[in-house]
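So the sequences go chain by chain: A and B.
Count the first sequence with our numbering and you get residues 1 to 286, in order.
Count the second sequence with our numbering and you get residues 1001 to 1103, in order.
Worth double-checking, as some hints may not be accurate.
As the list claims (entries may be wrong) - Facing chain B, according to a computed beta carbon distance under 7 Å, are these residues of chain A, among others:
id, residue
1, P203
2, L215
3, A250
As the list claims (entries may be wrong) - Far from chain B by the CB rule (all over 10 Å, computed), these chain A residues:
id, residue
4, E8
5, L16
6, D33
7, L104
8, K137
9, D143
10, R149
11, G210
12, K228
13, P232
14, P251
15, L270
16, L285
Said to hold, decoys possible - Pulled a few chain A residues facing chain B out of the computed Cβ check, cut under 10 Å:
id, residue
17, W206
18, V207
19, S214
20, H218
21, L248
22, A274
23, F282
Calculated directly from the structure, the hints in this document are not laboratory data.
Because the structure is a prediction, the values reported are computed rather than measured.
Here a beta-carbon is modelled for each residue, glycine too, at the ideal position from N, C-alpha and C.
So you can see what is in the structure, the chains are spelled out below.
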Amino acid sequence: MNADRRLELRVVTGFLGSGKTTLLQRMLGERSDDTAVVVNEFAMSGVDHELLAPHCARAVAVTGGCACCERLDETLDALRSILDQHERGPLSRLRAVVIETSGLADPLPIVAAVTKDPMLRHHFKPGPVIAVVDGLKGAEQLDRHPEARRQVLAADDVVISKTDIADATAIESLRSKLAQLGAEPESHAHTEVTTTSFEFHQPLDWVAFGVWLSLFVHAHGRKVLRIKGLVPADGRGAVTVNAVNDVLYAPEHVRASHAPARLVVIAEDLDGSAIKRSLLAFQRLA
Amino acid sequence: MCVLCGDLVADPHWSEHATGGETERRQARYRRVRIVNRVLTPYLLAVHEDLSGTRYVVADRKGKSEVVRSLAELWPAADRLVSAPLDPLDGRLLAALEGVSAR
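Construct all of the structure, not just a fragment, from the sequences and the given hints.
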């Protein structure tokens, strides 16, 4: 089998001033020649890409709006340009591209746009979405700003920043707020975001699961913010499941058996118990 | 492009990825058709594989049909044939499915 030569697309998101660039600097270390960065800033003139340039193979700025909406085309253009340089030689050692979103951006439409792009989807594979939450102001931001909540809901990993200057009680209350956000329905504006979590104690029938998931995302993809998980499938070991809206990434087999076998569905205006009932009803058809 | 049928060869849908060889792929397709039929029955639709074993034919009882390549195309085709969106969360569908599986 050919080695997977696609570039990993990682996203670092987080509310304004939460510490995304600092985290990214630390993640990149002294210098990561195998990583390029696309830095999105709401302001017209960006500075963060200057800070990141010494730490990576290439830093490209996309400024003057959010990468999820008014600057989405520019963000995709930046990825195409990096890919072009990767294939022509100057960035031949590249293995990953990180998009640092603006503080107000929703990371999911960016990932969805890449997975729908007829060219880019063949050259990028989805990597983790990391949300940075401000250790000092995070709790208040999560309360007041739907953008901050969406960033956390979209994330595979959440990093709390500024733990060295925030007091322990504030960090603890932020942790419980984050746990609550992931576990319970949470209302904002006119929609209700529900997180439905399934634990699997025995392997799923993969064919029946495929039938169910394909119909579920077809019927309700617009309401699905995210589906993520690792499910045990009969005869297949563990399989990753990863969807943004109605776009499903190709499931991948994972050797690790110690990982929790669970599926998380984050959706707007959908009844979690109906989702569970539906999944189980389809499993029984196998 | 396939040299035999002139068809454009697309990437297989994620649900069609098989771990084994041709036999496993065939078995999975056979089981997929059986499961999808149970879902389509309450809508008075049915699906079968075409002769090439690479496509599915979804049809209503009046003879209207559509040829599709994967589940990604099958559900929109079913929506068109019944002139309504299929909903896997619909309580009536789930009750029908639970009745089928209980028998």
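Agreement of hint A250 of chain A with chain B interface, Cβ distance less than 7 Å | At about 5 Å, which falls below the 7 Å cut-off, the nearest Cβ of chain B leaves the hint on A250 of chain A intact, so it holds.
Grab the minimum C-beta distance from L215 of chain A to chain B and call the hint holds if it beats 7 Å, violated otherwise.
-> Cβ of L215 of chain A sits 5 Å from chain B, so the hint holds.
Over 10 Å to the closest beta carbon of chain B is the bar; see if L16 of chain A clears it.
-> holds, 36 Å
For P251 of chain A, is the shortest beta carbon distance to chain B beyond 10 Å?
-> For P251 of chain A, whose nearest Cβ neighbour in chain B is about 6 Å away, the distance does not exceed 10 Å, so it is violated.
Hey, does R149 of chain A actually stay past 10 Å from chain B on C-beta?
-> holds, 24 Å
Distal placement of D143 of chain A relative to chain B, Cβ over 10 Å | At roughly 31 Å from the nearest Cβ of chain B, D143 of chain A sits farther out than 10 Å, so the non-interface label holds.
In terms of Cβ atoms, is chain B entirely out of 10 Å range of G210 of chain A?
-> violated, 3 Å
Close enough to count: is the Cβ of S214 of chain A nearer than 10 Å to one in chain B?
-> holds, 4 Å
Does L104 of chain A sit more than 10 Å from chain B, CB to CB?
-> holds, 32 Å
Grab the minimum C-beta distance from W206 of chain A to chain B and call the hint holds if it beats 10 Å, violated otherwise.
-> At about 8 Å, which falls below the 10 Å cut-off, the nearest Cβ of chain B leaves the hint on W206 of chain A intact, so it holds.
Closest C-beta approach of H218 of chain A to chain B relative to 10 Å, hint status = holds, 4 Å
Verify that the Cβ of P232 of chain A lies farther than 10 Å from every Cβ atom of chain B, and report whether the claim holds or is violated.
-> The assertion about P232 of chain A holds, with a minimum of 14 Å to chain B.
The structure does not agree with the numbered hints 1, 11, 14, 15 and 16 stated previously, though it agrees with the rest.
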